[in-house]
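K.L.:
First to last, the protein sequences are chains L and H.
Note that this note's numbering has the first sequence beginning at 879, numbered continuously upward.
Note that this note's numbering has the second sequence beginning at 4, numbered continuously upward.
Since the hints were made in silico from the structure, they are not lab data.
One should not assume that every hint holds.
Ranges of calculated distance between the beta carbons of each label pair, as one might list FRET restraints [as the list claims (entries may be wrong)]: (1) H:Met100 x L:Phe950: 25 to 31 Å; (2) H:Phe97 x L:Leu911: 24 to 30 Å; (3) L:Glu999 x H:Ile81: 42 to 48 Å; (4) L:Ala991 x H:Met100: 36 to 42 Å; (5) L:Val976 x H:Asn88: 26 to 32 Å; (6) H:Ile81 x L:Val907: 27 to 33 Å; (7) H:His55 x L:Met979: 26 to 32 Å; (8) H:Thr90 x L:Pro968: 18 to 24 Å; (9) H:His55 x L:Glu930: 15 to 21 Å; (10) H:Asp98 x L:Gln1008: 31 to 37 Å; (11) H:Arg87 x L:Val907: 17 to 23 Å; (12) H:Asp96 x L:Gly894: 14 to 20 Å; (13) L:Gly982 x H:Arg87: 40 to 46 Å; (14) H:Asn88 x L:Ile895: 22 to 28 Å.
Looking from chain H toward chain L, a few residues come up when the C-beta cut is under 10 Å (computed) [said to hold, decoys possible]: (15) Phe9; (16) Val15; (17) Gly20; (18) Gly30; (19) Gly56; (20) Phe97; (21) Asp98.
Okay, the calculated bits of chain L under chain H, using three or more residues with CB under 8 Å as the criterion [as the list claims (entries may be wrong)]: (22) 964-974; (23) 978-987.
Backbone N, C-alpha and C define an ideal beta-carbon position, used for all residues, glycine too.
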Amino acid sequence: MVAQNIAFGIIAAIVGISALRMVTTRNIVHAALYLVAVLGGLGALYILLTAEFVATTQVLVYIGAVMVLFLFGIMLTRAPLGNTAALTGPSWPIGAAVAVMLAGVTVYALIDAFGDDRLTEGGPLYKTEQVSDSIFSTYIVPFEAVSVLLLAALIGAIVLARKD
Amino acid sequence: MLLNQFLILGAVLFAIGVYGVLARRNGVMVLMSIELMLNAVNINLVAFGVQHGVVSGQVFAVFIIAVAAAEVGVGLAIILLLYRNRTSIDVDDFDLMQG
């Protein structure tokens, strides 16, 4: 499918450049906005992979909730809103080397293992209905565990952050 | 579309997240890089789900999104607490365990 490949190329370029800018920009608010671009692009990729429920969840949870949390975190820690050269530590060349080596090894292993396997096209299309069926039948125990984990995490966050 | 398109994009995003965690000094930036890494894993799950024709990939991607939301909540609370106690969120300042 040519159209899908073109769409993938455009989205992947946006996501990759935004991710790079996110970890290199000197302005922390800009970093948060680049993260929004990355998350939105990934949502579009989920649509491309016909995972509509994951795409909706991505937009609702990440762009809707998590980003607001991050912006509040930036404001409450009173990070200077202008440029700050100190945002990147002195050990960044080591980090860059580690990241490049990790990417190289992983990409080599992926090309070696999957070569040019094609995505199954015209296979079964999983709609929200099937996803929810699966969550509430096969994966009911992990689902309940995640619910309790989320509750525990939220109560823990309130206990940690409240002033007393 | 090739399966590897998505897997390689995920691997590159994960490596960028690793760089962010290692190089950034601001605690909030470190958390944002961790989010990037979690998202990179999600692409792999969904792509493999499509490849194998199973719905589990999407289910686990949703689980990871929920766990990531919990992680951000607790992580930001910890960073706020650090800021309140030490008036700094520079992760290089917290070296009490260096001896």
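K.L.:
Against the range 36 to 42 Å, how does the distance between the Cβ atoms of alanine 991 of chain L and methionine 100 of chain H compare: consistent or not?
P.N.:
With a Cβ separation near 39 Å, alanine 991 of chain L and methionine 100 of chain H satisfy 36 to 42 Å, so the hint holds.
K.L.:
So, glycine 56 of chain H near chain L? Judge it on the closest CB pair being under 10 Å.
P.N.:
Holds - the Cβ of glycine 56 of chain H comes within 10 Å of chain L, reaching about 5 Å at its closest.
K.L.:
Going by Cβ atoms only, is valine 15 of chain H closer than 10 Å to chain L?
P.N.:
It holds, given that the least Cβ distance between valine 15 of chain H and chain L is near 6 Å, below 10 Å.
K.L.:
With a cut-off of 10 Å on the beta carbons, see whether phenylalanine 97 of chain H makes it to chain L.
P.N.:
violated (13 Å)
K.L.:
When you take the CB atoms of glutamate 999 of chain L and isoleucine 81 of chain H, is the distance between them in 42 to 48 Å?
P.N.:
For isoleucine 81 of chain H against glutamate 999 of chain L, whose Cβ atoms are near 45 Å apart, the range 42 to 48 Å holds.
K.L.:
Less than 10 Å between beta-carbons is the criterion; does glycine 30 of chain H satisfy it with respect to chain L?
P.N.:
holds (8 Å)
K.L.:
Would you settle whether the hint for aspartate 98 of chain H is holds or violated, based on the nearest Cβ-Cβ distance to chain L being less than 10 Å?
P.N.:
violated (12 Å)
K.L.:
A range of 25 to 31 Å was offered for this pair. Does it hold for the Cβ distance of methionine 100 of chain H and phenylalanine 950 of chain L?
P.N.:
holds (29 Å)
K.L.:
Could you check the hint for me, namely that glycine 982 of chain L and arginine 87 of chain H are 40 to 46 Å apart, CB to CB?
P.N.:
This hint holds: roughly 41 Å between Cβ atoms.
K.L.:
Tell me if the interface restraint on phenylalanine 9 of chain H is satisfied: Cβ within less than 10 Å of some Cβ in chain L.
P.N.:
Holds - the Cβ of phenylalanine 9 of chain H comes within 10 Å of chain L, reaching about 7 Å at its closest.
K.L.:
For the hint 15 to 21 Å, verify it against the beta carbon of histidine 55 of chain H and that of glutamate 930 of chain L.
P.N.:
The hinted range 15 to 21 Å holds for histidine 55 of chain H and glutamate 930 of chain L, with Cβ atoms some 18 Å apart.
K.L.:
For the pair aspartate 96 of chain H and glycine 894 of chain L, does the Cβ-Cβ distance stay inside 14 to 20 Å?
P.N.:
Violated: the Cβ-Cβ distance is about 32 Å, outside 14 to 20 Å.
Hint compliance for this structure: hints 6, 10, 12, 14, 20 and 21 are broken, all remaining hints hold.
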